[in-house]
Amino acid sequence: MAGYAAVKLGYTNLGFLGGMAVPAVIRYGLGFVQGADAAAAELGIEVTVNYAYGGQFYGDSDITAVMDTWYQGGTEVVFACGGGIYTSAAEAAQKVGGKVIGVDVDQQGTIDGSYGEGMTITSACKGLTATVNTLLSAIQNGEWDNYAGQIQNLGLVSADDLSLNYVSLADSTLYNDDFTEDDYKALVAAMFNGEVTVNNDSSNADPSSLGCKNVKIGTYQESIK
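Numbering of the sequence shown is given in this note's numbering, commencing with residue 310 and proceeding in unit increments.
FYI, nobody ran anything at the bench for these hints, they're computed from the structure. There's no promise every hint is true.
[Claimed, not checked] In silico lysine-lysine, DSSO-like type, Cα no more than 27 Å apart, as pairs:
1) K404 to K534
2) K522 to K494
3) K435 to K494
4) K525 to K404
Just so you know, these numbers come straight off a predicted model, no measurement behind them.
Please build the complete structure, drawing on both the sequences and the hints.
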């Protein structure tokens, strides 16, 4: 959803900075590319995505140097995905007025508060509130055994009440006339109904494996560190 939103909001030079190439981060990155590809196809354009894994879950001078190269080379927004690695993206973005996409929770307050208002265009969020509510309800209703000791991949469960979903865009998303909140709700509905599908295979960390037709992978680094 974040990649789709970024392109619909008008950005055509994107970046993905992952932490380590573990399944969760790989899925975030490949989903980002697929979303960007879908939006680009609708708009009849090609977008570029620079793509790298930092090899760690925190930013440092080496990773910031790569981000400097990206932003100064035309990258407009970077999806920083992996713990504190966002600091390297934000430091580089701050120098050129670039943008950042947060991850896991709404990071607008954290990133904008430290690096400048308006830097965070959205965040790809896990539905932590929905998850806690689901588990508390299960305990209350004597259904804890349905979840205890299990690892489950949770996603969209409602096209109407977005607060129930286990994945979402942040409430602080900087919508505009080209991508409104209603457009976001329509995207969620299309995904929930199966009209839009996402490949969540994490066996190959290289985004070129997706074969997207409207996304050009600019640079790819398996690990900066």
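Each hint, compared with the structure:
1. K404 to K534: holds, 23 Å
2. K522 to K494: holds, 25 Å
3. K435 to K494: holds, 17 Å
4. K525 to K404: holds, 25 Å
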